[in-house]
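Undergrad: Those protein sequences? They're chains A and B, same order as listed. In terms of our numbering, the first sequence is residues 1 to 216. In terms of our numbering, the second sequence is residues 1 to 216.
Be careful, since some hints might not be right.
[As the list claims (entries may be wrong)] Simulated crosslink set (DSSO-like; lysine-lysine; CA at most 27 Å straight-line):
no., chain 1, residue 1, chain 2, residue 2
1, A, 120, B, 216
2, B, 141, A, 48
3, A, 48, B, 120
4, A, 48, B, 48
5, A, 171, A, 210
6, A, 48, B, 60
7, B, 48, A, 141
8, B, 141, A, 141
Derived by calculation from the structure, the hints in this document are not laboratory data.
2 protein chains.
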Amino acid sequence: MKLNKVLDLSLYLVLDPILTEKIGMAETARLAVEGGATVVQLRAPQWKKRARYECALELKKVLEPYHIPLIIDDDVDVALACDADGVHVGQQDLPAHVAGQLLGQGKIIGLSVNNADQMKSVDPSIVNYVGVGPIFATSTKPDAQAPIGVNGLEQLMRICPVPAVAIGGIKSEHIEHIVKAGAQGVAVVSAICGQDQPKECARNLYSLWKLHSESK
Amino acid sequence: MKLNKVLDLSLYLVLDPILTEKIGMAETARLAVEGGATVVQLRAPQWKKRARYECALELKKVLEPYHIPLIIDDDVDVALACDADGVHVGQQDLPAHVAGQLLGQGKIIGLSVNNADQMKSVDPSIVNYVGVGPIFATSTKPDAQAPIGVNGLEQLMRICPVPAVAIGGIKSEHIEHIVKAGAQGVAVVSAICGQDQPKECARNLYSLWKLHSESK
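With the rest of the complex left out, here is chain A (with noise of 0.2 Å):
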């Protein structure tokens, strides 16, 4: 199925509205993006749903001009109400069938996938990327699960039938590992919001994760 925006998972941004409150959700995406950002996620689940709301229109209106994919965590209804590119659901979350059903073709769902049993169960024809994780241990996510380590993430990369992006206490030191697990691309929070400089964080972690994945 053809989507409707390139996804390119190297460089995934989780914006996190308590990092980012000195400059906010859209400045920090539009520095990342700039720095070289290829996804950006909005995640607030602190925020009641009007301010989500708003803040997805602010994110589309940011991230149009660079063709970078805004996707959504959890809220399929934000994600159609802003016409966003897509969903990420956990596994308490909608069904990912179900989120594709409702927001149509050509949009984007990624999917959080933690260990083999969750893996098994991701449907190539509905799930365009799975998210996985937490390689290491968060502050982020404090409903998070055990980390299972870059060995983890090894382990299930060899049973990945979809792109994957590894997510959870990621910093630029773990890169080359994360290439080499097999992963495409890198999630980060911290490492970008709520640093001094958003922009030279995503620039020097773009630039790790193409030198290593390019010497593959």
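Got chain A; can you put chain B on it based on the hints?
TA: Here is chain B on its own, set in the frame of chain A:
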């Protein structure tokens, strides 16, 4: 705009996952409807969306034979996914017109209203009913506004452009006053959910509503 289902607000049950723990949401709904409840709303903000979605599917099955509308709190995506009869949005959820556009024609849009400014903003071409309150203090919605009382309800009803259901701590002894204040129904949570005899409670509330509204 014609609704797919008749909207009788007389006795509007808002399900609560904690209070209904003993017999479950679906069985509470079934008993309440047997007793006279005319609308059922699924409201479980403390649950993950998968649980709300699965509960909605179950409720739809239970309510279908009774032709009682199922309204989903907040989640337009869940309402779409289970083909519910409508959604209820608060002032911090998706805007009513956005919810209405997503749900499509014939579906019910309810909106929470707490004060005159909010009431004046109600667009009767979009909103099918308002939930006015809280009338009294209530423990089932920890983030509720200050109670407006029966006097507050009466004042808001004078400028209310659509049918209204009063909500917030309403018990059987209040029904006469709610009718006199001009509302078209009462919404209850704890007056049915978690009661030993939900069916009898519903029957009693519905009878009182009929008694007072017919003698008005």
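Undergrad: Each hint should be assessed against the structure and marked as holding or not.
TA: Comparing the hints with the structure gives:
About 63 Å separates the Cα atoms of residue 120 of chain A and residue 216 of chain B, which puts this hinted pair outside 27 Å; it is violated. Taking the CA atoms of residue 141 of chain B and residue 48 of chain A, the gap is about 15 Å. The hint holds against a cut of 27 Å. As the CA atoms of residue 48 of chain A and residue 120 of chain B are separated by approximately 23 Å, the hinted pair is consistent with the 27 Å bound. At most 27 Å may separate the alpha-carbon atoms for a hinted pair to count; residue 48 of chain A and residue 48 of chain B meet this at roughly 14 Å.
Simply put, residue 171 of chain A and residue 210 of chain A have alpha-carbon atoms about 15 Å apart, close enough for the 27 Å limit, and the pair holds. Between residue 48 of chain A and residue 60 of chain B the CA atoms are separated by roughly 26 Å; this keeps the pair inside 27 Å, and the hint holds. Distance restraint check for residue 48 of chain B and residue 141 of chain A: the Cα-Cα separation of roughly 15 Å lies within the 27 Å cut-off, and the hinted pair is therefore satisfied. A hinted pair counts as satisfied when its Cα atoms are at most 27 Å apart, and residue 141 of chain B with residue 141 of chain A qualifies at roughly 25 Å.
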